[in-house]
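**Student:** These are the residues of each chain, in order.
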Amino acid sequence: MPENPSINIENEESLNEIVNRAKRGDEVALEQMCRYLYKKLYSYVFYRVRHYEDAEEVTGEVVLKIVKNLKKQKGNFYAWIYKIAGNAVIDYFRRFNKKAETSYEDLRQERASEEKPKELLNIDRLKQGLAQLTKDQADVITLKYMQEYSNEEVARIMKRSVGAIKVLHYRAVRSLREYFKRMGYEIKD
Amino acid sequence: MKLRIEEVFDRALAEMNKGRPIDEILKEYPDFAEELKELLSFAQFLDTMPRPAPTEVAITNTIMQVKEMRKKEKAPFIKPLIIFQTPLVRAFAIIVLIVVISGISFSSSLHAMPGEILYPVKTFAEKVQYTLATKPAHRARLKLTFALRRTEELMWIFERKSIVEKNLVSSMLDETDGAFHFALSLPEHEAQDILKHIAEINQTQSLTLEKIKERACACDTVVINEALNKCLKRCQHLEGMLNLQPCPCGGDSCTCW
Numbered sequence: 001m002p003e004n005p006s007i008n009i010e011n012e013e014s015l016n017e018i019v020n021r022a023k024r025g026d027e028v029a030l031e032q033m034c035r036y037l038y039k040k041l042y043s044y045v046f047y048r049v050r051h052y053e054d055a056e057e058v059t060g061e062v063v064l065k066i067v068k069n070l071k072k073q074k075g076n077f078y079a080w081i082y083k084i085a086g087n088a089v090i091d092y093f094r095r096f097n098k099k100a101e102t103s104y105e106d107l108r109q110e111r112a113s114e115e116k117p118k119e120l121l122n123i124d125r126l127k128q129g130l131a132q133l134t135k136d137q138a139d140v141i142t143l144k145y146m147q148e149y150s151n152e153e154v155a156r157i158m159k160r161s162v163g164a165i166k167v168l169h170y171r172a173v174r175s176l177r178e179y180f181k182r183m184g185y186e187i188k189d
Numbered sequence: 001m002k003l004r005i006e007e008v009f010d011r012a013l014a015e016m017n018k019g020r021p022i023d024e025i026l027k028e029y030p031d032f033a034e035e036l037k038e039l040l041s042f043a044q045f046l047d048t049m050p051r052p053a054p055t056e057v058a059i060t061n062t063i064m065q066v067k068e069m070r071k072k073e074k075a076p077f078i079k080p081l082i083i084f085q086t087p088l089v090r091a092f093a094i095i096v097l098i099v100v101i102s103g104i105s106f107s108s109s110l111h112a113m114p115g116e117i118l119y120p121v122k123t124f125a126e127k128v129q130y131t132l133a134t135k136p137a138h139r140a141r142l143k144l145t146f147a148l149r150r151t152e153e154l155m156w157i158f159e160r161k162s163i164v165e166k167n168l169v170s171s172m173l174d175e176t177d178g179a180f181h182f183a184l185s186l187p188e189h190e191a192q193d194i195l196k197h198i199a200e201i202n203q204t205q206s207l208t209l210e211k212i213k214e215r216a217c218a219c220d221t222v223v224i225n226e227a228l229n230k231c232l233k234r235c236q237h238l239e240g241m242l243n244l245q246p247c248p249c250g251g252d253s254c255t256c257w
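Protein chains in written order, with the working numbering: chain A, 1 to 189; chain B, 1 to 257.
It should be emphasised that the hints constitute simulated quantities derived from the structure, not laboratory data.
Where hints are given, some of them may not hold.
[As the list claims (entries may be wrong)] Keeping only pairs whose Cα atoms sit at most 20 Å apart, straight-line, the calculated EDC-like set for lysine to aspartate or glutamate is: (1) Lys74/B - Asp54/A; (2) Lys71/B - Glu27/A; (3) Lys127/A - Asp47/B; (4) Lys40/A - Glu56/B; (5) Lys39/A - Asp54/A; (6) Lys72/A - Glu6/B; (7) Lys71/B - Glu61/A; (8) Lys23/A - Glu68/B; (9) Lys159/A - Asp47/B; (10) Lys39/A - Glu7/B; (11) Lys67/B - Glu61/A.
[Claimed, not checked] Incomplete in silico selection of chain B near chain A, CB under 8 Å: (12) Ala33; (13) Ala43; (14) Phe45; (15) Ala58; (16) Thr62; (17) Glu188.
[What the hints assert, rightly or not] Covered stretches of chain A (in silico footprint by chain B; criterion: 3 or more residues with CB under 8 Å from a CB of chain B, positions within the stretch not fixed): (18) 69 to 81; (19) 85 to 92; (20) 124 to 135; (21) 173 to 179.
Ideal Cβ positions, reconstructed from N, Cα and C, are used throughout, including at glycine.
Using the sequences and the hints given, assemble the complete structure.
**Tutor:** Listed below in structure tokens is the structure:
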């Protein structure tokens with residue numbers, strides 16, 4: 001068995017093939033699937049949890065849950081994995097008794113961290129902004145911008161109509177924009 | 001039909017992603033231009049956000065954990081435990097356990113004597129056995145078995161405590177009467193067999209009572225004599241029914257059989 005199997009998952013069809021092989025007990029396919037899913041889900045989880053190091057931990061838990069329940073999986077695979085990832089993020093906030101709302105202390109620290117590189121600062125600000133949105137709105141933003149899915153793909157993952165996704169998307173961008181304005185955050189690079 | 005802002009934003013965003021300048025797009029939607037400009041700029045900002053990549057160490061660690069988990073799932077000792085997790089198998093296991101425990105208790109109780117922990121189990125098992133028996137011949141044989149047990153128990157108690165347990169005396173005689181009652185309802189060839197058996201048990205009971213009478217307290221004499229009389233009457237009755245020879249001793253008692 002190769003030590004580090006290369007990932008050749010170009011589309012949904014090739015992912016389905018690998019998932020089916022992994023379900024049948026193919027160890028190489030299972031490892032390929034885990035690598036692919038870890039990378040895919042990491043950026044989704046990254047923007048949803050507070051701390052950088054927690055993102056890796058939560059993503060690891062998500063991949064383990066996926067493997068554990070793989071044989072029971074039915075229906076749309078993407079909808080299923082993002083449901084697990086979404087629940088893992090909720091569990092993360094419950095477990096550490098963390099609230100999704102940004103606290104005064106967070107904002108104070110944010111204002112004091114002006115020496116941070118611009119890119120990191122924007123990431124932190126976006127995370128805070130996403131925490132202000134509803135779960136569905138935050139999901140749409142992360143799936144569309146961080147995972148680069150189309151409206152149709154997001155609709156399938158979230159099990160909503162394309163029209164509903166457009167409404168959620170518009171409201172989410174508007175709310176985020178208002179939050180940035182309210183906080184006085186600059187959006188220019 | 002007037003377009004909704006959500007639809008306009010979606011269309012404008014698609015055109016912006018194709019590379020069309022924002023100002024040009026806004027001219028197409030003058031009613032929404034002001035709001036659209038802000039939203040499109042913000043969407044552009046979101047597009048520039050980095051897509052963080054996880055470290056190779058984190059991925060490798062997770063794959064190691066996955067392999068560890070798979071190994072545990074494949075472990076031979078774990079599999080039987082997993083099978084037991086289904087409700088049907090669990091229910092079946094509980095039923096088997098109850099049957100096994102009941103079987104052990106019942107078989108252990110067979111030799112229990114009055115006053116011992118398992119004695120109530122013994123009497124309960126006898127009731128169950130009797131209820132399950134439907135044929136009169138089977139019931140008659142069961143009654144005789146119980147009668148013999150009561151006789152042994154009567155002797156066992158007397159030898160240890162020197163007392164005559166009146167309940168056991170009456171129970172012993174009642175069980176024998178019960179067997180006699182069932183024997184009468186049987187066809188002749190079957191009845192003969194049971195009656196011979198009753199005669200044997202009756203003799204054993206008479207001998208036991210005689211032995212007890214020799215050493216028993218005077219206060220128990222009345223009970224013992226009454227029981228012996230009953231045995232004697234039963235013996236005479238049985239002699240007639242079985243056409244047996246009169247007792248060779250020539251006396252009133254037939255306990256010398």
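**Student:** Each hint: holds or not?
**Tutor:** These are the hints, each one checked on the structure:
For the proposed pair lysine 74/B and aspartate 54/A, the alpha carbon gap of about 30 Å is over 20 Å, so the pair is violated. For the hint pairing lysine 71/B with glutamate 27/A, the CA-to-CA distance comes to about 11 Å; that is within 20 Å, so the pair holds. A hinted pair counts as satisfied when its Cα atoms are at most 20 Å apart, and lysine 127/A with aspartate 47/B qualifies at roughly 15 Å. A threshold of 20 Å between alpha carbons decides the hint, and for lysine 40/A with glutamate 56/B the separation of about 14 Å falls inside it, so the pair holds.
About 15 Å separates the Cα atoms of lysine 39/A and aspartate 54/A, which keeps this hinted pair within 20 Å; it holds. Under the criterion of a C-alpha separation no larger than 20 Å, the hint pairing lysine 72/A with glutamate 6/B is inconsistent with the structure, at around 38 Å. Distance restraint check for lysine 71/B and glutamate 61/A: the Cα-Cα separation of roughly 17 Å lies within the 20 Å cut-off, and the hinted pair is therefore satisfied. With a C-alpha separation of about 17 Å, the suggested pairing of lysine 23/A with glutamate 68/B holds against the 20 Å cut-off.
Only pairs whose Cα atoms come within 20 Å are accepted, and lysine 159/A paired with aspartate 47/B is rejected, the gap being roughly 24 Å. Straight-line distance between C-alpha atoms of lysine 39/A and glutamate 7/B comes to about 32 Å, which puts the hinted pair past the 20 Å bound. For the given pair, lysine 67/B sits about 14 Å from glutamate 61/A by alpha-carbon distance, which is consistent with the 20 Å threshold. Annotation: interface hint on alanine 33/B violated; nearest CB of chain A at approximately 15 Å, more than 8 Å.
For alanine 43/B, the interface hint holds, since its Cβ comes within 8 Å of a Cβ in chain A; the closest pair sits about 6 Å apart. The restraint placing phenylalanine 45/B at the interface with chain A holds, with a minimum CB-CB distance near 4 Å, inside the 8 Å limit. The closest approach between the C-beta of alanine 58/B and any C-beta of chain A is roughly 4 Å, which is under the 8 Å cut-off, so the hint is satisfied. Among the interface hints, the one on threonine 62/B holds; its C-beta lies about 4 Å from the nearest C-beta in chain A, closer than the 8 Å criterion.
Given the 8 Å rule on beta carbons, the hint for glutamate 188/B is violated: about 70 Å separates it from the nearest Cβ of chain A. Counting residues of the segment 69 to 81 of chain A whose beta-carbon sits less than 8 Å from any beta-carbon of chain B gives 0, not enough to reach three: the coverage restraint is violated. Coverage of the segment 85 to 92 of chain A by chain B is violated [criterion: at least 3 residues with CB-CB distance below 8 Å; count 0]. Interface restraint, the segment 124 to 135 of chain A with chain B: violated (1 residues with C-beta to C-beta distance below 8 Å; minimum three).
Counting residues of the segment 173 to 179 of chain A whose beta carbon lies closer than 8 Å to any beta carbon of chain B gives 4, which meets the minimum of three for the stated coverage.
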